[in-house]
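Protein chains: 2
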Amino acid sequence: MSRGVTYPAGFRAAGISAGLKPSGKLDLGLLVGEPGTVAAGLFTTNRMPAAPVVIGRTRIAATGGAVRAVLVNSGQANAATGQRGAADAEKTTAAAADLLGLAAEHVLPCSTGVIGEPIHLDAMLAALPSVVEALGAGGDAFARAIMTTDTVPKSAQADAGAFRVGGAAKGVGMIAPSLATMLTFITTDAPVTPADLDGLARRVLQPRFEAITVDACASTNDTVLLFASGAAGGSPVAPGSGGWRALEDAVAEVGDALAAQLIADGEGVTHVLLIDVEGAGDDVEARTVAKAIAESPLVKTAAFGRDPNPGRILQAVGAAGVEVDPTSVDVWIGDTQVVASGVIPPAYFDADQLRAAAAASMTAAEVPLRVRVGAGPGRSRVLGCDLTYDYVRINGEYTT
Amino acid sequence: MSRGVTYPAGFRAAGISAGLKPSGKLDLGLLVGEPGTVAAGLFTTNRMPAAPVVIGRTRIAATGGAVRAVLVNSGQANAATGQRGAADAEKTTAAAADLLGLAAEHVLPCSTGVIGEPIHLDAMLAALPSVVEALGAGGDAFARAIMTTDTVPKSAQADAGAFRVGGAAKGVGMIAPSLATMLTFITTDAPVTPADLDGLARRVLQPRFEAITVDACASTNDTVLLFASGAAGGSPVAPGSGGWRALEDAVAEVGDALAAQLIADGEGVTHVLLIDVEGAGDDVEARTVAKAIAESPLVKTAAFGRDPNPGRILQAVGAAGVEVDPTSVDVWIGDTQVVASGVIPPAYFDADQLRAAAAASMTAAEVPLRVRVGAGPGRSRVLGCDLTYDYVRINGEYTT
Chain A
6 MSRGVTYPAG FRAAGISAGL KPSGKLDLGL LVGEPGTVAA GLFTTNRMPA APVVIGRTRI
66 AATGGAVRAV LVNSGQANAA TGQRGAADAE KTTAAAADLL GLAAEHVLPC STGVIGEPIH
126 LDAMLAALPS VVEALGAGGD AFARAIMTTD TVPKSAQADA GAFRVGGAAK GVGMIAPSLA
186 TMLTFITTDA PVTPADLDGL ARRVLQPRFE AITVDACAST NDTVLLFASG AAGGSPVAPG
246 SGGWRALEDA VAEVGDALAA QLIADGEGVT HVLLIDVEGA GDDVEARTVA KAIAESPLVK
306 TAAFGRDPNP GRILQAVGAA GVEVDPTSVD VWIGDTQVVA SGVIPPAYFD ADQLRAAAAA
366 SMTAAEVPLR VRVGAGPGRS RVLGCDLTYD YVRINGEYTT
Chain B
6 MSRGVTYPAG FRAAGISAGL KPSGKLDLGL LVGEPGTVAA GLFTTNRMPA APVVIGRTRI
66 AATGGAVRAV LVNSGQANAA TGQRGAADAE KTTAAAADLL GLAAEHVLPC STGVIGEPIH
126 LDAMLAALPS VVEALGAGGD AFARAIMTTD TVPKSAQADA GAFRVGGAAK GVGMIAPSLA
186 TMLTFITTDA PVTPADLDGL ARRVLQPRFE AITVDACAST NDTVLLFASG AAGGSPVAPG
246 SGGWRALEDA VAEVGDALAA QLIADGEGVT HVLLIDVEGA GDDVEARTVA KAIAESPLVK
306 TAAFGRDPNP GRILQAVGAA GVEVDPTSVD VWIGDTQVVA SGVIPPAYFD ADQLRAAAAA
366 SMTAAEVPLR VRVGAGPGRS RVLGCDLTYD YVRINGEYTT
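Order-wise, the sequence lines are chains A and B.
Numbered per the numbering used here, the first sequence spans residues 6 to 405.
Numbered per the numbering used here, the second sequence spans residues 6 to 405.
Derived from the structure by calculation, the hints contain no laboratory data.
Accuracy of the hints is not assured; some may be wrong.
Unchecked claim - Simulated crosslink set (SDA-like; lysine to any residue; CA at most 25 Å straight-line):
no., chain 1, residue 1, chain 2, residue 2
1, A, Lys26, B, Asp312
2, B, Lys30, B, Arg8
3, B, Lys96, A, Ala345
4, A, Lys96, A, Ala108
5, B, Lys96, A, Pro350
6, A, Lys96, B, Ala345
Chain A on its own, in the form it takes in the complex (with noise of 0.2 Å):
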């Protein structure tokens, strides 16, 4: 079992049940740097914030960087919930930051869960001296407390030479690249400037959550932190410097482990679609066709339904808004080219050869799908899953 944010010296963790969740599951999770803990976040897009959006991005401004701990709570999203969310948030931080020593503006709040309904206040409180007393190497619990229809937690380490990357991450539905991803905790003990891990995490992470796509549906809670403690001492890693690029690669392998493990739960996933497409004017234009590939419903059940059809890809890239030449379209599903020149060649409905070496790909929990836009230099990977009935079962029956 990975330790995940307590990976790294210099943090305790601690997952608990507050009584937030109707199931009695865990529900509540909090995250403590050691004095020194700085902080970078990036959050969502969404014109529609949760109340712990909005007070996470003042409070990470306010203090440059400054926070050294987050309070999470699943079961409710503190969304749609207005001045009496904000209040809520304020309220449950102030209270854990109490029990902490620290000031209330050093305390980060997320929440996670149905939309609209308000956080227990009473319970959640009343919870607050527990969890705070739980505080230890509880990188699983932590992990556990931030999961709603998840299945399973979600968390990575990697070491950075002398000092070590931790992360946490929950999120199985309104999964959609535009910025973060639901909730994601990572830890490192390096010692980074505020200014410098915030560049770490628009640059390396970033990028790694906005490649993946479970629903397209961007979450008015999505959040990314990244925290240094410090703790494993030393002046601050100089960016450029040997340190700084071992650290980055850690960061880059945590990032990446944990938006495979969020795809790969993603909501009644049977396939994941890993769509590299090459051969774009820029590697935005790239990100955009891979991006209506992953996101189109007739690829989504195609995938599901293990059928190879490369139609609805060519429509998908089509459709994708970005300038194509048609007869400059190449498609492999797997190491099987299904079209050639923008043509999907006679043979494949003709014989059987071509649609079975196609469809056999097709079986595997990871579908690799090439795509060829023409001969300039943008690429990128975005990685998708398949449609399927449990993710309408899940949706159709769950209040989120």
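Once you have looked at the hints, place chain B on chain A.
What follows is chain B alone, placed relative to chain A:
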């Protein structure tokens, strides 16, 4: 039964089985207007357009709208078929034109079915004499011959004083509001100049077919054709005259009827969503927000589950990419207000009356959602539908 495209004077139509569909059902349609007939066309914006779309666009331009007939096959889409696909469409329309005593450029090709599969050329050429011989008051057979996974044929008719308007359409998947929607054919016996007919198509029909979405997937073959035979007699109707206004209303009525039939027969649909957005900065912003709601998999699955989930509607509003003041958003499901000034009333969760009233509205075949996003003049209605097990089944099992 509606007489569809043959309701106006001056049109003959037929639909036969040419052996293009494995099922043996009707799969070849022909619509022919008497001498003097003109046509206007709206075609897909997909960058990978099917061969018939490219040829249709060219022929309408080359003849100045003097197009008199359309030959439609179902079973194969003739998209992603390269030069062979273009040659096949030219051969079949040339052969049909010969039989009709026309030049090839006065006959348009249309295809719908499996992308990438070449049309069954020999079978189609062999069937042409039969379909020409069958020409008559065959609006219903024509509407049936253009079906693919449609469960019912779609046709409509309306009167405009001295003039008549009729139409037929097909389409259940790959339907999205970016220009036309699969295949739609509308006829009138009013005398109209090609330029005025083109204006009528763009002003009256385009917004109607851009305002429906089954799955946000713009097809490679989407086409709307509007034919005017002039068989009612008289000189061309002048835009702005009383006759013109009646004609415009009748074309709008037929367009509305066909668009509604397309959504109601959307793949797996059990509930149609009538989404009205008001108070936006302008109509384009209102349309963007309405589409974001209509295309959200979370809203669509909630509609399937008859779950009035105001949080998911707010999520879609916030993610639409339009600037919105969160405190000025109101949402009604049926007559029940479920969001007031950006907040879901706590009563929605505490008491059950509010939720029960909203849930009752969601059991209807047509569910009205009204969203006010501010005090601006912009408004738009979009027709969407739910995302169901059957959508996944149909598209996971059927190769389109």
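Now the hints, each set against the structure:
no.: 1; hint: A:Lys26 to B:Asp312; result: holds (20 Å)
no.: 2; hint: B:Lys30 to B:Arg8; result: holds (20 Å)
no.: 3; hint: B:Lys96 to A:Ala345; result: holds (24 Å)
no.: 4; hint: A:Lys96 to A:Ala108; result: holds (12 Å)
no.: 5; hint: B:Lys96 to A:Pro350; result: holds (20 Å)
no.: 6; hint: A:Lys96 to B:Ala345; result: holds (24 Å)
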